[in-house]
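Asker: Residue-level listing of the chains:
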Amino acid sequence: MGDIMLKTENLGISFGGLKAAQNVNITIHNKELYGLIGPNGAGKTTIFNLLTGVYQPTEGKFFLDGEDLTGKTQEAINRKGIARTFQNIRLFNNMTVISNVMVGLHNLPEYKCSPFASMLRLPAHFAAEKKMRDRAKELLDIFGLKEDRNTLACNLPYGKQRKLEIARAMATNPKLLLLDEPAAGMNPHETEELMNTIRFVRDNFDMTILLIEHDMKLVAGICEKVTVLNFGQELAQGNTAEVLSDPRVITAYIGEDE
Amino acid sequence: MITLIDGLSLGSIYALIALGYTMVYGIAKMLNFAHGDVIMVGAYAIVITLSYTASPAVAIIAAVILCTILGVAIEKIAYKPLRGASPLAVLITAIGVSYFLQGIAQLVFGSQPRPVSAVWRQLPKIPLLNDLGITTAAAVTLVCGVIIMVALNLFIKCTKTGRAMLAVSEDRGAAVLMGINVNRIITVTFAIGSALAAFAGMFYLFQIPNAEPTLGAMPGITAFTAAVIGGIGSIPGAMVGGILLGVVEKLCLASPLSSYTVAIKFSLLIVILLVKPTGLLGKITREKV
Amino acid sequence: MKNFKLKHFINYAIVSALLIFGVVMFLTGNLRPSTAQLFAQMGYGIILAVSLNLVVGFLGELSLGHAGFMCVGAYIGGLFAVVLKQSGLDMKLPVLIISMLVGGLFAALFGFIIGLPSLRLKGDYLAIVTLAFGEIVRNIFMNQKVFGGAKGLTTGTLIYDTRKSPTLFIVVFIVAILMLILVQNLVKSKHGRAITAIRDNEIAAKAMGINVTFYKLFVFVVAAFFAGCAGVIYAHTTTPVLYSFFSYNYSIEILVMVVLGGMGSITGSIISAVFITAMNFVLQSQLSGDLASLKNVVYAVILIIVVVFGNAPALKSFRERYNISAFFERFRKQDASKRRDDEAKWARVPSKIKMDALLSTDMAPDSDESIHGDIGADNDKGGNK
Numbered sequence: 002m003g004d005i006m007l008k009t010e011n012l013g014i015s016f017g018g019l020k021a022a023q024n025v026n027i028t029i030h031n032k033e034l035y036g037l038i039g040p041n042g043a044g045k046t047t048i049f050n051l052l053t054g055v056y057q058p059t060e061g062k063f064f065l066d067g068e069d070l071t072g073k074t075q076e077a078i079n080r081k082g083i084a085r086t087f088q089n090i091r092l093f094n095n096m097t098v099i100s101n102v103m104v105g106l107h108n109l110p111e112y113k114c115s116p117f118a119s120m121l122r123l124p125a126h127f128a129a130e131k132k133m134r135d136r137a138k139e140l141l142d143i144f145g146l147k148e149d150r151n152t153l154a155c156n157l158p159y160g161k162q163r164k165l166e167i168a169r170a171m172a173t174n175p176k177l178l179l180l181d182e183p184a185a186g187m188n189p190h191e192t193e194e195l196m197n198t199i200r201f202v203r204d205n206f207d208m209t210i211l212l213i214e215h216d217m218k219l220v221a222g223i224c225e226k227v228t229v230l231n232f233g234q235e236l237a238q239g240n241t242a243e244v245l246s247d248p249r250v251i252t253a254y255i256g257e258d259e
Numbered sequence: 271m272i273t274l275i276d277g278l279s280l281g282s283i284y285a286l287i288a289l290g291y292t293m294v295y296g297i298a299k300m301l302n303f304a305h306g307d308v309i310m311v312g313a314y315a316i317v318i319t320l321s322y323t324a325s326p327a328v329a330i331i332a333a334v335i336l337c338t339i340l341g342v343a344i345e346k347i348a349y350k351p352l353r354g355a356s357p358l359a360v361l362i363t364a365i366g367v368s369y370f371l372q373g374i375a376q377l378v379f380g381s382q383p384r385p386v387s388a389v390w391r392q393l394p395k396i397p398l399l400n401d402l403g404i405t406t407a408a409a410v411t412l413v414c415g416v417i418i419m420v421a422l423n424l425f426i427k428c429t430k431t432g433r434a435m436l437a438v439s440e441d442r443g444a445a446v447l448m449g450i451n452v453n454r455i456i457t458v459t460f461a462i463g464s465a466l467a468a469f470a471g472m473f474y475l476f477q478i479p480n481a482e483p484t485l486g487a488m489p490g491i492t493a494f495t496a497a498v499i500g501g502i503g504s505i506p507g508a509m510v511g512g513i514l515l516g517v518v519e520k521l522c523l524a525s526p527l528s529s530y531t532v533a534i535k536f537s538l539l540i541v542i543l544l545v546k547p548t549g550l551l552g553k554i555t556r557e558k559v
Numbered sequence: 159m160k161n162f163k164l165k166h167f168i169n170y171a172i173v174s175a176l177l178i179f180g181v182v183m184f185l186t187g188n189l190r191p192s193t194a195q196l197f198a199q200m201g202y203g204i205i206l207a208v209s210l211n212l213v214v215g216f217l218g219e220l221s222l223g224h225a226g227f228m229c230v231g232a233y234i235g236g237l238f239a240v241v242l243k244q245s246g247l248d249m250k251l252p253v254l255i256i257s258m259l260v261g262g263l264f265a266a267l268f269g270f271i272i273g274l275p276s277l278r279l280k281g282d283y284l285a286i287v288t289l290a291f292g293e294i295v296r297n298i299f300m301n302q303k304v305f306g307g308a309k310g311l312t313t314g315t316l317i318y319d320t321r322k323s324p325t326l327f328i329v330v331f332i333v334a335i336l337m338l339i340l341v342q343n344l345v346k347s348k349h350g351r352a353i354t355a356i357r358d359n360e361i362a363a364k365a366m367g368i369n370v371t372f373y374k375l376f377v378f379v380v381a382a383f384f385a386g387c388a389g390v391i392y393a394h395t396t397t398p399v400l401y402s403f404f405s406y407n408y409s410i411e412i413l414v415m416v417v418l419g420g421m422g423s424i425t426g427s428i429i430s431a432v433f434i435t436a437m438n439f440v441l442q443s444q445l446s447g448d449l450a451s452l453k454n455v456v457y458a459v460i461l462i463i464v465v466v467f468g469n470a471p472a473l474k475s476f477r478e479r480y481n482i483s484a485f486f487e488r489f490r491k492q493d494a495s496k497r498r499d500d501e502a503k504w505a506r507v508p509s510k511i512k513m514d515a516l517l518s519t520d521m522a523p524d525s526d527e528s529i530h531g532d533i534g535a536d537n538d539k540g541g542n543k
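Residue numbers (this note's numbering), protein chains in the order written: chain X, 2 to 259; chain C, 271 to 559; chain Z, 159 to 543.
These are calculated hints, taken from the structure and not from any lab test. In this text, all values refer to a predicted model and were calculated from it rather than measured experimentally. Any given hint might turn out to be false.
[Claimed, not checked] Listed next, with one range per pair, are the computed distances between beta-carbon atoms:
no., chain 1, residue 1, chain 2, residue 2, range
1, Z, T193, X, F117, 35 to 43 angstroms
2, X, N94, Z, G307, 47 to 55 angstroms
3, C, P526, Z, N188, 51 to 59 angstroms
4, Z, T193, C, K346, 23 to 31 angstroms
5, X, F117, Z, F179, 53 to 61 angstroms
6, C, M488, Z, G314, 24 to 32 angstroms
7, X, R200, Z, A171, 31 to 39 angstroms
8, C, K553, X, D207, 27 to 35 angstroms
[Said to hold, decoys possible] DSS-like mimics (lysine-lysine), calculated; alpha carbons at most 27 angstroms apart, straight line:
no., chain 1, residue 1, chain 2, residue 2
9, X, K81, X, K132
10, X, K147, Z, K346
11, C, K350, Z, K243
12, Z, K243, Z, K309
13, X, K20, C, K350
14, Z, K346, X, K113
[Claimed, not checked] Heads up, incomplete: computed chain C residues facing chain Z, CB under 10 angstroms, no partners named:
no., residue
15, A348
16, G354
17, A359
18, I365
19, Q372
20, S525
21, P547
All C-beta atoms, glycine included, are put in the ideal place defined by N, C-alpha and C.
Sequences are here, hints too, so could you generate the full structure?
Answerer: Here is the structure:
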């Protein structure tokens with residue numbers, strides 16, 4: 002157990018000739034709240050896709066808690082401890098809220114039970130189901146979704162869908178949580194609530210969090226450090242307040258003065 | 271060599287049918303399972319017309335007109351109400367239409383096979399080719415098939431409607447915003463696809479002794495396979511796939527493995543898809559995460 | 159929780175009711191051979207529809223080759239049973255059960271093979287591969303002398319005399335019930351959730367660490383196993399077992415059962431399997447000669463009307479007013495307004511806050527918002543190509 006949770010070494014990917022990300026070096030310490038910002042098309046989501054195995058990096062490596070996860074499949078990376086949410090919410094829409102969270106619990110060793118045990122309704126099945134349901138209820142309670150647990154995920158209001166996605170990611174018991182634009186589409190009040198949720202997750206689960214966000218209030222409010230990406234490359238890195246006042250960053254966002 | 275020419279000619283029939291599948295798929299994003307039965311209707315139209323008149327030209331025109339009207343009618347009645355519904359619902363409706371056409375054909379024409387009129391078989395002799403062992407039917411099919419395909423390509427590339435079709439298949443939403451009447455384009459697509467099916471039915475009559483209500487099933491399914499091999503939605507892909515399957519089929523039939531022709535044809539599909547999941551000329555689409 | 163059990167119970171009840179009905183008819187001497195045949199057909203129809211529903215409704219992959227698995231079961235299980243008989247084992251029931259296991263296992267093996275492309279192919283491409291698989295299987299069996307070649311596999315010695323004993327359809331329905339128990343247990347478990355999660359959102363399922371490869375193969379294998387069992391039953395009711403029966407038309411008929419019954423609804427699959435089998439039977443016995451083709455027409459018209467009526471976007475409000483669940487909801491006097499409230503809220507949520515607009519007010523108070531306002535509307539497109 003080192004102090005460094007995530008470390009990327011010259012991470013990059015190119016699609017054909019287009020270098021969507023290159024030479025990205027990010028180091029995130031344990032329990033840090035880290036922001037990844039940049040203008041549209043800067044390659045932020047691409048970095049997330051690299052870190053979760055959706056894309057395989059064409060250059061560089063990344064390490065989680067000292068372990069090299071480069072080249073692993075999405076499933077394997079999740080099991081090693083990286084969980085994520087998506088920019089455009091991806092819930093299991095036709096399943097209930099509690100089932101969504103229980104899918105997150107699926108791979109944890111304490112709920113192990115073979116398909117045949119389930120088909121034959123062996124005791125292992127009942128034990129696992131009960132434990133999973135209890136744990137899912139606990140998680141939903143923490144995220145204030147307990148009342149909605151039997152609603153279909155697609156019928157939840159928007160803010161709660163975002164929360165459910167975080168709850169589902171947390172159910173996989175990750176070491177590192179990646180949040181892709183958690184505040185997108187939220188009004189200021191909902192954003193405020195979300196900031197509280199994120200802080201709460203960090204403090205209560207001792208979680209390391211990396212988030213992409215466009216809402217600078219949120220980033221300035223909760224992130225300790227940020228990396229700014231532009232055209233797939235790092236533009237600036239460091240403490241949030243310093244980086245956000247860096248003239249280069251402002252130029253990247255708003256453009257040059259004529 | 272002769273087998274190869276036969277294969278090319280059968281292949282151009284498959285290509286014509288496959289074009290119907292692929293165009294409809296590209297533009298309406300649906301698998302038109304009833305397409306094979308439009309071929310059957312076209313073939314019957316020719317057989318029936320020839321039993322009244324001796325003129326093949328009249329028969330061909332009748333078949334093309336009938337199939338075009340039929341294709342448009344199917345689209346308006348069965349598919350249009352389902353625009354925006356789940357693809358599976360549309361697929362099932364298409365299957366229903368296919369059953370319907372087969373059933374109606376059986377009712378009207380009877381389930382007994384109808385012999386193809388002798389007029390159809392009497393083709394003028396082409397001295398040089400026939401001496402080489404190439405039948406006139408094969409030559410006619412191949413030449414006409416190529417002409418039709420070239421004409422179709424010109425239509426798509428050089429006319430406004432053709433370019434609108436390309437636009438709709440590329441991005442329907444954007445096409446609507448550009449002021450293209452998508453409903454009209456879909457109707458035109460069905461009309462063209464069905465007219466091609468009529469030609470295919472016509473040429474297919476050279477290949478079979480009798481017209482039966484289920485005659486469209488096998489060429490239909492083979493051509494569908496051809497469209498997928500070429501990359502469904504891609505017009506050149508449909509042509510390549512169709513000709514490939516036609517040649518493979520004839521080569522198999524001429525070899526000792528002839529009884530395994532069907533298995534070989536479909537195995538080819540599976541192998542190609544496993545190597546190239548979107549077909550030979552299909553576009554690889556990456557799902558956005 | 160209570161609701162789930164009720165649902166399970168309904169499914170078992172339907173199948174048991176059919177079984178009891180058949181036995182009563184037999185005991186009172188009213189069971190004609192053709193009716194017994196119908197019962198057996200309903201039995202394997204249910205097995206086929208429910209197992210296909212597992213693939214189409216729960217896993218969300220379109221399969222057009224289900225009859226291919228049935229074909230494998232019928233030929234291999236049938237041949238195995240015939241050989242068992244010839245080798246002196248002249249007890250019908252053990253032969254039926256053993257051959258069913260053998261046929262099912264072979265079909266499961268084929269299910270594994272056809273499941274492999276499903277890992278690489280999606281949607282329509284996979285559908286055409288399953289269809290091709292069905293045709294390949296047929297073509298291969300047709301050419302094997304062991305299986306009777308083009309004349310089909312003679313299974314005359316296996317046929318049950320339904321006038322003397324109702325064993326066959328009792329076995330069929332018991333197999334159907336066993337299958338229901340296994341399938342429903344699977345669906346209502348963590349594995350069932352994983353499978354539906356893959357259907358709902360494969361990308362998210364992968365991100366949750368679900369082993370998509372395993373579950374896809376697993377579902378194909380289980381579904382193929384049961385289809386194989388259905389094939390063995392078929393071999394015990396019909397002689398000869400002929401390759402032409404298992405054409406893609408039959409696969410599609412099974413698919414129609416699943417779609418009409420409602421994807422992902424086991425009760426629906428059972429009811430529509432019974433209904434469609436019965437309808438085919440009635441139409442076949444009522445219409446003779448050239449009119450027999452009217453069967454296809456009637457069948458097709460019903461199919462088109464049901465699907466268009468059930469799915470056309472234009473008829474949505476009509477459906478919502480007059481559907482069965484709405485009726486029950488009114489009956490239970492449940493308040494539907496709560497859900498509608500949420501939907502309304504959904505509509506009010508702004509699609510996406512334009513961050514550059516926000517930013518320009520935060521970080522550069524002097525700049526003009528309207529100039530930069532539009533840039534934010536576009537999501538990270540460039541980075542995701």
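Asker: Next step is simple, just say for each hint if it's right about the structure.
Answerer: A quick look at each hint next to the structure:
1. T193/Z / F117/X: 35 to 43 angstroms: 37 angstroms, holds
2. N94/X / G307/Z: 47 to 55 angstroms: 50 angstroms, holds
3. P526/C / N188/Z: 51 to 59 angstroms: 55 angstroms, holds
4. T193/Z / K346/C: 23 to 31 angstroms: For T193/Z and K346/C the Cβ distance comes to about 42 angstroms; the hint is violated.
5. F117/X / F179/Z: 53 to 61 angstroms: Because 33 angstroms falls outside the window, the suggested range is violated.
6. M488/C / G314/Z: 24 to 32 angstroms: 31 angstroms, holds
7. R200/X / A171/Z: 31 to 39 angstroms: Cβ of R200/X to Cβ of A171/Z: about 52 angstroms, so the range 31 to 39 angstroms is violated.
8. K553/C / D207/X: 27 to 35 angstroms: Distance hint for K553/C, D207/X is violated at roughly 46 angstroms.
9. K81/X / K132/X: The hint holds at about 22 angstroms.
10. K147/X / K346/Z: 21 angstroms, holds
11. K350/C / K243/Z: Roughly 56 angstroms between the alpha carbons, so the hint for K350/C and K243/Z is violated.
12. K243/Z / K309/Z: 21 angstroms, holds
13. K20/X / K350/C: It is violated: about 43 angstroms lies between the C-alpha atoms, which goes past 27 angstroms.
14. K346/Z / K113/X: 16 angstroms, holds
15. A348: OK, holds: A348/C within 10 angstroms of chain Z, min 6 angstroms.
16. G354: 5 angstroms, holds
17. A359: A359/C check passes; min Cβ-Cβ to chain Z is 4 angstroms, inside 10 angstroms.
18. I365: 5 angstroms, holds
19. Q372: 6 angstroms, holds
20. S525: 14 angstroms, violated
21. P547: 5 angstroms, holds
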